[in-house]
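As they're listed, the protein sequences go chains H and R. First residue of the first sequence? That's 1 in this note's numbering, and the numbers climb one at a time after it. First residue of the second sequence? That's 177 in this note's numbering, and the numbers climb one at a time after it.
These are computed hints drawn from the structure, not numbers from a lab. Keep in mind the model is a prediction, meaning the values are calculated, not measured. Ideal placement from N, C-alpha and C gives every residue a C-beta, glycine not left out. A hint or two may mislead.
[Said to hold, decoys possible] With the C-beta cut set under 10 angstroms, the calculated list includes, among others, these residues of chain H facing chain R:
| no. | residue |
| --- | --- |
| 1 | Y48 |
| 2 | A102 |
| 3 | I127 |
| 4 | H145 |
[Unchecked claim] With the C-beta cut set under 8 angstroms, the calculated list includes, among others, these residues of chain H facing chain R:
| no. | residue |
| --- | --- |
| 5 | T2 |
| 6 | L12 |
| 7 | A14 |
| 8 | A16 |
| 9 | G162 |
[As the list claims (entries may be wrong)] Stretch by stretch, here's where chain H covers chain R in the computed footprint (C-beta under 8 angstroms, at least three residues):
| no. | segment |
| --- | --- |
| 10 | 196-202 |
| 11 | 208-218 |
| 12 | 241-249 |
| 13 | 254-265 |
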Amino acid sequence: MTNFIVWVVWVLAALALLSSGIAVVLFQNPFYSALALIGNLASLAVLYLLLAAEFVAAAQVLVYAGAVVVMFLFVIAYLGGRADAPWAGKPSPQSLAAIVAAAAIAVEIVVVIALKAGDQLSSPAQIEGSFGTPAEIGRLFLGDHLLAFEVTSIVLLVAAVGGVILGSAVPRESRS
Amino acid sequence: MPGPGVAAYLILSVILFATGAFGVLIRRSPLIVLLALEIMLNAGNLALIAFARQTGTGTGQIFALTVMVVAAAEAVVGLGLIVAVSRRHVELDVDKLTTLRG
Numbered sequence: 001m002t003n004f005i006v007w008v009v010w011v012l013a014a015l016a017l018l019s020s021g022i023a024v025v026l027f028q029n030p031f032y033s034a035l036a037l038i039g040n041l042a043s044l045a046v047l048y049l050l051l052a053a054e055f056v057a058a059a060q061v062l063v064y065a066g067a068v069v070v071m072f073l074f075v076i077a078y079l080g081g082r083a084d085a086p087w088a089g090k091p092s093p094q095s096l097a098a099i100v101a102a103a104a105i106a107v108e109i110v111v112v113i114a115l116k117a118g119d120q121l122s123s124p125a126q127i128e129g130s131f132g133t134p135a136e137i138g139r140l141f142l143g144d145h146l147l148a149f150e151v152t153s154i155v156l157l158v159a160a161v162g163g164v165i166l167g168s169a170v171p172r173e174s175r176s
Numbered sequence: 177m178p179g180p181g182v183a184a185y186l187i188l189s190v191i192l193f194a195t196g197a198f199g200v201l202i203r204r205s206p207l208i209v210l211l212a213l214e215i216m217l218n219a220g221n222l223a224l225i226a227f228a229r230q231t232g233t234g235t236g237q238i239f240a241l242t243v244m245v246v247a248a249a250e251a252v253v254g255l256g257l258i259v260a261v262s263r264r265h266v267e268l269d270v271d272k273l274t275t276l277r278g
């Protein structure tokens, strides 16, 4: 019974994930694209929960849907997102090349994963109840991966300072 | 592990990555290019967490959290650049932003 429920949740989350991802790419208005990204991130969080990554799912909702998308919406509202529709009219060589390139990337990744790890994917490891909990993540972050933790804080600091500088700098001569 | 195996999550992640790559290649608005980049980063995150479930170690989840931080930093800097470009009254179109002159 649990298996059936997990399958239903997985199929629903997968459909929401793919349709909202396509919606982000195809919506003409950037505002709608950013709103569709929220659906994409939320269905990803559901999949993370199914993969026993509770803390990452919570961080996904907080950091992405809570902070990054709001920042996108602010900037789009500030700039007045201009609609563009590259597929309007007849398909250009560039859009056909984009389709071919994206399909080639997908095929490449599938082939590489199947060659390298295809025979190991059938039996996932047994996990304990503490796998993916905040306590476990904190123990790993402050123990084995302390360097990554510290580098992360520096990256965030640099990005914050850079964002302030980029946002506040006034061009010396404003061009029109 | 109830439900679909790890391979199903990986296939989902590949399709999502290809969708994001298609968006980056085809869209002209830098805002939507950034949104599609976020989709690509999240597809990578999904693969990392699926592999973490496969191996039963938490390292993949740590990596995914770090990628999340880098994605947030990238969004801040990218949006800051877009705002700085728009202040110069340049049209926001990745085909027309061809000079890096200040």
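Checked hints:
A least Cβ separation of about 6 angstroms between Y48 (chain H) and chain R falls short of the 10 angstroms threshold, and the interface hint therefore holds. Taken as an interface hint, A102 (chain H) checks out: its beta carbon lies about 4 angstroms from the nearest beta carbon of chain R, inside 10 angstroms. The beta carbon of I127 (chain H) is positioned within 10 angstroms of a beta carbon in chain R (closest approach about 5 angstroms), and the interface hint is therefore held. Hint on H145 (chain H) holds. Least Cβ distance to chain R is approximately 5 angstroms, under the 10 angstroms limit.
The criterion of a C-beta within 8 angstroms of any C-beta in chain R is met by T2 (chain H), whose closest approach is roughly 5 angstroms, and the hint holds. Because the closest C-beta pair between L12 (chain H) and chain R is about 12 angstroms apart, greater than 8 angstroms, the hint is violated. With a cut of 8 angstroms, the hint placing A14 (chain H) at the interface with chain R holds, because the nearest CB-to-CB distance is about 5 angstroms. Below 8 angstroms, beta-carbon pairs count as interface contacts, and A16 (chain H) has none with chain R, the closest being about 11 angstroms; its hint is therefore violated.
Of the supplied interface hints, the one on G162 (chain H) holds, with its beta-carbon coming within about 5 angstroms of a beta-carbon of chain R, less than 8 angstroms. With 6 residues having a beta carbon nearer than 8 angstroms to a beta carbon of chain H, the segment 196-202 of chain R meets the requirement of three or more and the stated coverage holds. For the segment 208-218 of chain R, the proposed coverage by chain H is satisfied: 7 residues have a C-beta within less than 8 angstroms of a C-beta in that chain, meeting the threshold of three. Only residues whose C-beta sits within less than 8 angstroms of a C-beta in chain H count toward coverage, and the segment 241-249 of chain R has 8 of them, enough to reach three; the restraint holds.
Residue count for the segment 254-265 of chain R with a Cβ under 8 angstroms from a Cβ of chain H: 10. That meets the three needed, and the coverage hint holds.
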